[in-house]
Each structure stands twice: as C-alpha cells, then as structure tokens.
Amino acid sequence: QLQLQESGPGLVKPLETLSLTCTVSGGSISSSSYYWGWIRQPPGKGLEWIGSMYYSGSTYYNPSLKSRATISVDTSKNQFSLKLSPVTAADTAVYYCARQDIHGSGSYSYWGQGTLVTVSS
Amino acid sequence: DIQMTQSPSTLSASIGDRVTITCRASQSISSWLAWYQQKPGKAPKLLIYKASSLESGVPLRFSGSGSGTEFTLTISSLQPDDFATYYCQQYNSYPYTFGQGTKLEIK
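Protein sequence lines, in the order shown, are assigned to chains A and B.
Positions 1 to 121 (this note's numbering) are the ones given, in order, by the first sequence.
Positions 1 to 107 (this note's numbering) are the ones given, in order, by the second sequence.
There may be inaccurate statements among the hints.
Listed next, the in silico EDC-like pairs over lysine to aspartate or glutamate satisfying Cα-Cα at most 16 Å (straight line) [as the list claims (entries may be wrong)]: (1) LYS39/B - ASP81/B; (2) LYS107/B - GLU70/B; (3) LYS66/A - ASP1/B; (4) LYS39/B - GLU105/B; (5) LYS50/B - GLU16/A; (6) LYS50/B - GLU70/B; (7) LYS45/B - ASP82/B; (8) LYS45/B - ASP101/A; (9) LYS83/A - GLU16/A.
Rather than coming from a laboratory, the hints here were simulated on the basis of the structure.
Based on the sequences and whatever the hints tell you, model everything.
The following block contains the structure:
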C-alpha cells in the first residue's frame with residue numbers, strides 16, 4: 001500500500017526558508033507513471049496547488065508563489081522535497097504531498113497526512 | 001490561470017437527501033476535473049476523476065457529470081459519513097486550481 005509522509009520543521013521564522021520532505025513508501029518515486037506534487041491549505045481556508053515534479057527532475061510551479069518555491073527529488077531515498085523562500089505569515093498552512101496518476105485518474109489519488117507549518121518569529 | 005467557482009459555499013441537508021454541488025471553470029477544461037472530499041484534520045480524498053469516473057472504493061451514491069466549463073457532483077442519498085467539505089480541481093493546465101470548497105452540513 002502506497003504511503004506518503006511529510007516531515008520538516010513546524011515553525012519557521014519570517015524571511016527564512018521552509019523545507020519539507022515527502023517520503024514515499026510502498027512504491028517507487030522513479031516510476032514514469034506519476035507526477036509528485038505539493039499542495040497547501042491555510043488554516044480554515046481552501047486548497048492551493050504549489051507545484052509538481054516528475055522523477056526525471058522536470059518541475060512545474062504556481063506563478064502565484066513568485067519563484068519562491070523549489071521542488072527536488074532524491075531517488076536514492078525515494079523522497080521529494082519542497083523549499084519555499086523567503087516565507088511570510090501568509091505561508092502558514094498545512095502542507096500536503098501527493099501523487100498524481102498520469103495514465104489512470106490523472107488526479108491526486110494518494111496524499112500524505114499533511115504537516116502544519118507556522119511562520120512566526 | 002483557470003478559475004474554479006463552486007456553488008453553493010455551504011449546503012444544509014438531511015440524511016437521505018439528494019444533493020448537487022456545481023463547479024464552473026473560467027474556460028474549457030474538457031473533462032479534466034476531479035472532486036475531493038475533506039474531513040476536518042484529514043487530507044482530501046479523491047472521489048471522482050475525469051469529471052465522471054468513480055475512484056475505486058468510493059460508494060456508488062457519488063456521481064459526477066459535465067464537461068467543458070460546467071460540472072456537478074451528486075450524492076444520491078446522503079449518509080452520515082458524507083458531511084464534509086468538497087472541492088473540485090482542474091488538471092487541464094498549469095497551474096492546477098481548486099474551487100473554494102462546499103461545506104455540506106447536517107440540517
């Protein structure tokens with residue numbers, strides 16, 4: 001059974017870098033059938049797509065983040081990561097990693113449980 | 001960016017009711033639309049993909065329809081477990097975008 005697990009600091013200071021890792025178990029991140037994405041949800045609000053990556057390293061980002069986001073992959077550890085810099089209080093949110101099935105549903109069928117990141121001094 | 005607009009924002013209904021949630025896209029997205037259910041403190045769960053295909057394991061009371069710019073999610077007979085927030089999402093083009101959500105409450 002595929003599982004995704006987010007990890008990283010729960011508190012980040014303004015103007016610093018938010019760094020999160022998604023560890024994938026029960027499946028290979030190097031499969032050509034999937035994109036791997038990050039989605040976030042501010043407290044009490046809706047969902048915002050941050051970006052996606054393919055195992056080869058191709059990436060796509062939400063322009064609303066104004067080039068602050070970077071998604072990378074470590075195939076040896078079966079992990080992919082998100083860096084967001086610099087952060088402000090508006091980046092406080094639950095961050096989810098998820099798998100997009102290219103050849104099947106085309107949408108996000110597997111999600112991590114989410115991790116809350118608070119931006120505060 | 002493609003804007004996704006859901007209506008209503010809140011819906012009050014009773015067990016056994018048939019309910020419909022609408023999602024409109026600001027431009028055509030063909031059938032590249034998904035519906036998710038989210039409960040408090042949990043990750044979204046995929047219900048419907050490609051506008052009308054039911055994800056494996058999702059009860060048959062859930063159905064989706066539409067194409068182009070108008071889409072609907074229908075629950076044929078509400079069950080206690082269905083009270084949650086529902087989101088539509090387009091994956092026709094980047095950046096992917098979500099509707100603002102519809103909170104389904106018990107009347």
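Each hint, compared with the structure:
1. This hinted pair checks out: LYS39/B and ASP81/B have alpha carbons roughly 10 Å apart, not beyond 16 Å.
2. A hinted pair counts as satisfied when its Cα atoms are at most 16 Å apart, and LYS107/B with GLU70/B does not qualify at roughly 27 Å.
3. Distance restraint check for LYS66/A and ASP1/B: the Cα-Cα separation of roughly 14 Å lies within the 16 Å cut-off, and the hinted pair is therefore satisfied.
4. At most 16 Å may separate the alpha-carbon atoms for a hinted pair to count; LYS39/B and GLU105/B meet this at roughly 12 Å.
5. Proposed proximity of LYS50/B and GLU16/A is contradicted: the alpha carbons are some 39 Å apart, above 16 Å.
6. Taking the CA atoms of LYS50/B and GLU70/B, the gap is near 13 Å; set against the 16 Å cutoff, the hint holds.
7. In summary, the hint linking LYS45/B to ASP82/B is supported, as the alpha carbons are separated by about 12 Å, within the 16 Å threshold.
8. A C-alpha spacing of about 14 Å is found between LYS45/B and ASP101/A, which places the hinted pair at or below 16 Å, so the restraint holds.
9. At most 16 Å may separate the alpha-carbon atoms for a hinted pair to count; LYS83/A and GLU16/A meet this at roughly 10 Å.
Against the hints set out earlier in the document, violations occur for numbers 2 and 5.
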